[in-house]
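Colleague: Here are the chains, one letter per residue:
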Amino acid sequence: MFPTPIERTSRAWQLTYRMLLPAALIMWLLPLIAVAIFSIKPAADFTTGNYWGWPSAFEGFTNYGKVFFESDMPRYLLNSVFITLPTVAGAVILSSMTGFALGIYRFRANILIFFMFVAGNFVPFQILMVPVRDLTLQLGLYNTITGLVLFHVAFQTGFCTLFMRNFIRALPFELIEAARVEGVNEFRIFWFVVLPLMKPAIAALAVLIFTFIWNDYFWAVVLTQGVETQPVTAGITSFNAQYRAAYHLMSAGSIIAALPPVLMFFLMQRHFIAGLTLGAVK
Amino acid sequence: MSRTDMPLIGRQSSWLRRNQIALAPWLFLTPVVLFFLFYVIFPIFQSFNVSLYEWDGLGPRKYVGFRNYEYLYWEFVDRDAFFVSLKNNVLWLVLYLLAIPAGLLIALFLNQTVAGIRLYKSLFFFPFVISQVVVGLVFTWFYDPTFGLLNSLLGVFGLGPVNVLGDENLVTYGIVLAGLWPQTAYCMILYLTGLNAVDPEQIEAGRLDGAKGVRMLWYVIVPQLRPATFIAFVVTIIGALRSFDFIAVMTQGGPFGSSRVLAFYMFEVALSEYGFRMGYGAAIAVTLFAIMVVFIAYFLWSMYREERGY
Chain A
1 MFPTPIERTS RAWQLTYRML LPAALIMWLL PLIAVAIFSI KPAADFTTGN YWGWPSAFEG
61 FTNYGKVFFE SDMPRYLLNS VFITLPTVAG AVILSSMTGF ALGIYRFRAN ILIFFMFVAG
121 NFVPFQILMV PVRDLTLQLG LYNTITGLVL FHVAFQTGFC TLFMRNFIRA LPFELIEAAR
181 VEGVNEFRIF WFVVLPLMKP AIAALAVLIF TFIWNDYFWA VVLTQGVETQ PVTAGITSFN
241 AQYRAAYHLM SAGSIIAALP PVLMFFLMQR HFIAGLTLGA VK
Chain B
1001 MSRTDMPLIG RQSSWLRRNQ IALAPWLFLT PVVLFFLFYV IFPIFQSFNV SLYEWDGLGP
1061 RKYVGFRNYE YLYWEFVDRD AFFVSLKNNV LWLVLYLLAI PAGLLIALFL NQTVAGIRLY
1121 KSLFFFPFVI SQVVVGLVFT WFYDPTFGLL NSLLGVFGLG PVNVLGDENL VTYGIVLAGL
1181 WPQTAYCMIL YLTGLNAVDP EQIEAGRLDG AKGVRMLWYV IVPQLRPATF IAFVVTIIGA
1241 LRSFDFIAVM TQGGPFGSSR VLAFYMFEVA LSEYGFRMGY GAAIAVTLFA IMVVFIAYFL
1301 WSMYREERGY
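Sequence order for the protein chains is A and B. Under our numbering, think of the first position of the first sequence as 1, with each following residue one higher. Under our numbering, think of the first position of the second sequence as 1001, with each following residue one higher.
Extracted from the complex, chain A is given alone in its bound form (with noise of 0.2 Å):
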């Protein structure tokens, strides 16, 4: 293990790198606590430039309250679920097919469409901005959530893709050629050969598409608008914009925003890490 594990080293370095761990972690997260501090302050606190001393009061509840209560936060909330979630199905399901296809046969645009989706994965967003709003537009989906939906799993699959091929490349091929020989067919051992297998595969991905998604904010404004439509990331802004200089409004609704992928990595952690390492670094 590199560096020297710390039981091997001095008493005084031991004793300072238990000392370093907590100082450095708060170090890192200042700018959060910072919110996080700010969204149970109260209101006359900021009028009266009580900025970072003590909390006058502790008004977390209020604060929080008037997001879920008074603010149009939790329509937003429910258009990131009903945006992630779909994408995520859908994501997780073409990319099993396409992963199953260029994971197990061989043939010559293997590669070349292998490549393709790895590709169209890496595009600036901005090369497709115009051509698919206008897509969008044409097939009237334009401020819909079906519209975003289907931008959303046609350009994961690209990187479910590479995720997909990769992890079914790894596996034991004699299982696929038993199955053939006893004369199972091709979708048959998708189903039941194969799929069960790409278990951990399919949980990295859903867990990493959940967080991709729910963060994006790019092509929620490029193809929604208003509150009936706009998922969370975008709700924020003018969110903050009817709140505005009400920081602990402001803070309170980040949190709240932030929250849900931070609860996916902390309940699903080791497959979300799986996941960001592509496979490739085991």
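None of these hints come from the bench; they were simulated from the model. These numbers were taken from a predicted model, which means no experiment stands behind them. Among the clues, some could well be false.
Simulated coverage check for chain B against chain A, where a stretch passes if three residues somewhere in it have a Cβ under 8 Å from a Cβ of chain A [stated by the list, open to error]:
{"no.": "1", "segment": "1139-1153"}
{"no.": "2", "segment": "1186-1194"}
{"no.": "3", "segment": "1300-1309"}
Each residue gets a CB set at the ideal place from its N, CA and C atoms; glycine is no exception.
Since the structure of chain A is provided, determine the placement of chain B on it from the hints.
Modeller: Just chain B now, kept in the frame of chain A:
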């Protein structure tokens, strides 16, 4: 194998059976490939096409040849918005790469087995999970000249106040720093996973040869972290060139357009109150694409060599 196994099946179905291994991938692929082509691949070419027109997104298009690019060229020569955006893109690209060594440093710091270290690792990774919009807001308040934490801290040392986001010379650095926060967390997690896989025997061998500290890191550890480093490069470069959310949230390209990058400038031209100049926006997007293609080609080339087992 399949031909002799199933002699009693009708003609058509036996043709299907015999060729099912050749057909199956296409049945799985065709719908998805078409979908992907329509939403991702064709739009790339359509953008090239749109960039040759003058178009407000609704009315008739007017073919103008390469005039949009000509305007961009003049903007570049006159050190106008396009020049500023391009310059800032380079700045983003260079500074964003700092996330890689910074991530490695934090990973080395956290690669221990003391009690509670798992929680520490997750909390250090935390910024990456938060949406860039919220990170942008958090840093906007952090930099605020009247109540921001940064200036409160500087005040303790008798310095400041500095209006980071209001200063033409500082603003891009301020935004990049906000961007580096989650990106460093990402690189850290890549390296933590990589460090787990480092061969302990090689470390022992290195120790026996008297390698220590930085020398050990450079000659024994870093070479073994190559896969992690590669991915860190890919995601950091792509992330740097895609920077949009931070700028949109923190400064809207200001002050006086000094924090624009191509991704934001394109959006501004094509889809904001400045007017709907789709053709001109597309020309900016094509330029950004041209820059990214260099990197994408290199990544694909590396992956291709890996595939072929070189």
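Colleague: Are the hints correct? Go through all of them and say.
Modeller: Results for each hint:
With 6 residues having a Cβ less than 8 Å from any Cβ of chain A, the segment 1139-1153 of chain B passes the three-residue criterion, so the hint holds. Using a Cβ-Cβ cut-off of 8 Å, 5 residues of the segment 1186-1194 of chain B lie near chain A, which meets the minimum of three, so the contact claim holds. Requiring three or more residues with a Cβ within less than 8 Å of a Cβ of chain A, the coverage given for the segment 1300-1309 of chain B holds, as 4 such residues are present.
Going down the numbered hints, you'll see the structure goes against none, and every one checks out.
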